[in-house]
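K.L.:
One letter stands for each residue in the lines below.
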Amino acid sequence: MAEINALLGGFGVALSPFNLMLMFVGVILGIIIGVLPGLGGANGVAILLPLTFSMAQQPGGTTSAIILLSCIYWGALFGGAITSILFNIPGEPWSVATTFDGHPLAQHGRAGSALTAAFTSSFVGALIAVVMITFLSPVVASFALKFGPPEFFAVYLLTFCAFVGMSGGNAAKTVASMMIGFALAAVGLDSVTGTLRLTFGFTSLLKGFDFLIAVIGLFGIGEILETLEEGLAFKGASGKINMKVVLETWKELPKYWATSLRSAAVGCFMGIVPGGATPASFMSYGLARRLSKDGKDFGNGKVEGVVAPETAAHAAGTSALLPMITLGVPGSPTAAVLLGGLLIWGLQPGPLLFVEKPDFVWGLIASMYLGNIAGLIVVLTCVPLFAAILRIPFSIIAPVIIVICAIGAYTVHNSMFDVYLMVIFGIIGYAFKKLSYPLAPMVLALVLGDRAEENFRNAIKGSQGDLMVFFSNSLVGGLTALALFLLLWPLIRTALRALQGKRGG
Amino acid sequence: MENGTDRSAASVRAVEIGVAIAILLFGLVVVFDSYRIGAKWGDDGPQPGYFPFYIGLLICISSITVLVRGARNAVLAEESFVSRGELKKILTVLVPTVVYVSLLPSLGFYVASTLYIAYFMWQLGKYSWVKTVPVSVGVSVAFFLIFETWFQVPLPKGPLEAALGLG
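If you read the sequences in order, they're chains A and B. Under the numbering used here, think of the first position of the first sequence as 1, with each following residue one higher. Under the numbering used here, think of the first position of the second sequence as 1001, with each following residue one higher.
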């Protein structure tokens, strides 16, 4: 039980009054960042990173700095749920799946239940992930160390096939949307060969498309255009939370223990292998819809449909820090920004960190427990403050949101071109939404495109172009087979039903 | 939001076909550009166009599927994608947004945002200038304090900030 002793030492570090104060400051800043559609966990942490430089110079300051930044991250994870449920605008890509059932719940006047369910399952997801980080880090590290390019590509393939197989909508539209995302991700300088792809001589296209711009445009601007059609009433729902609603929802939540545990498991796994919180939230939403007995009601406002993606997103977001601190491989964009912070502070992320800086590592892990408790307290008590935004008339809040989107799009790379792109993505988002092209696969492909391609290329390079490399051992073969099964699942199901029908008739 | 007196500006089928053709063209561009830079197996591994070439092919196949299904669907031809009234409302927001974005480099974020918010409140919210001016200026000042002072994120500024010595 060396972990328990180390963890208790970590609590000693994290429980100092200064660090506790930083936790609350970080969580509140993070929620604001998560709620504002233009600012997200990754760029929010990046913007606030310079503030920690002087702090990290003090003795023990690096621990305080990582506590502040990681708490901003927890806050952003919590905050994303608020806008998803009340406004149908996902503050973060990983809260997209939360809108599917969270927003309908809010429209039916059950915003309080939806928010309580989201916050509580976020907390549960994070807690399970932190317990896993505490005890399983050596085991999980050795497992992920075995991953090569074929395994990584198989994981991506699994995520995208799950999308096609489980979305239940028009498969051609899902594929089209996803592949547009992959194509946009390929735009710019090819990192392997240095060739320019799909830039057609435009220098603005050299660095490619950032998924943050696409998310801000597709979801932020697109939603505002769609809302306008239906008159100038903003589609935000009232977000009142009182103790009665909280307790009632807490009574309902234990019913979904299976969904919770499954989603936490999906989240922990997707967070460790660099798949990230976004696919984890979609996968567990899809799985919950398939496996729940109320599956057909998903999308019309089921608490279970909020529990699944939120548990997974928070579990993945938390466990994404595990490969970062143990192996130096970030599991999510925000984890990558945090990794950048460690390097600036002069720390070398990797297995040696546990040996050389136990105070730092275990202080961080202890702060994950405490920061999430702080986060849960803050969100459950402060949501009425955010609900106040809803009383502002649409003709004021709409231009303010668009201005925030524009500032957000600009600050990602300090590029005016990104602001223009955001408007174009907004128009595309409006048209796609109305024609029921799913937007999430496009964003997901845009985020993962480069990594997926890199691993695909490395994998087939290693095998001299032989695609059988994706079946070369039981690990990668199992992942690939599962991916293909999910891709073909709609066809398999139809065939099974036809067979049953024949037998019955 | 179907409205009896509000005529349709475009049917769902027309937009479905239009968007599918646009996606098909995009897919063709991806395929041809990937082919141009090499989509085969090179001396040292896959050429840069290898992965996007197949992505482009999948875009073409899926958009043709949507196109054929849409063209065959007579029900969609009757459905309204957007009515004239709705289109007008969208344009009253989209046009000022495009103007706002194109003014950003010359006027700077804060002045352009003030004008944009003021226009919205005055034109769509029918607020009097007594309410419009303090709200629009107040929001921009708040943004200035948050981004320039608190977050230390400099946004592009225009002649007004230069005249005030804030640039």
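Simulated from the structure, these hints should not be mistaken for lab results. Don't take every hint at face value.
[Claimed, not checked] Think about it this way: if two alpha-carbon atoms lie no more than 20 Å apart in a straight line, the pair counts; the simulated PhoX-like pairs of lysine-lysine are:
{"id": "1", "chain 1": "A", "residue 1": "K433", "chain 2": "B", "residue 2": "K1040"}
{"id": "2", "chain 1": "A", "residue 1": "K434", "chain 2": "B", "residue 2": "K1089"}
{"id": "3", "chain 1": "A", "residue 1": "K255", "chain 2": "A", "residue 2": "K244"}
{"id": "4", "chain 1": "B", "residue 1": "K1088", "chain 2": "A", "residue 2": "K434"}
{"id": "5", "chain 1": "B", "residue 1": "K1040", "chain 2": "A", "residue 2": "K461"}
As the structure is a computational prediction, the values presented were derived from the model and not from experiment.
K.L.:
Hint by hint, say whether it matches the structure.
P.N.:
Comparing the hints with the structure gives:
no., hint, result
1, K433/A with K1040/B, "36 Å, violated"
2, K434/A with K1089/B, "16 Å, holds"
3, K255/A with K244/A, "18 Å, holds"
4, K1088/B with K434/A, "17 Å, holds"
5, K1040/B with K461/A, "12 Å, holds"
Checked against the numbered hints given earlier, the structure breaks only hint 1 and satisfies all the rest.
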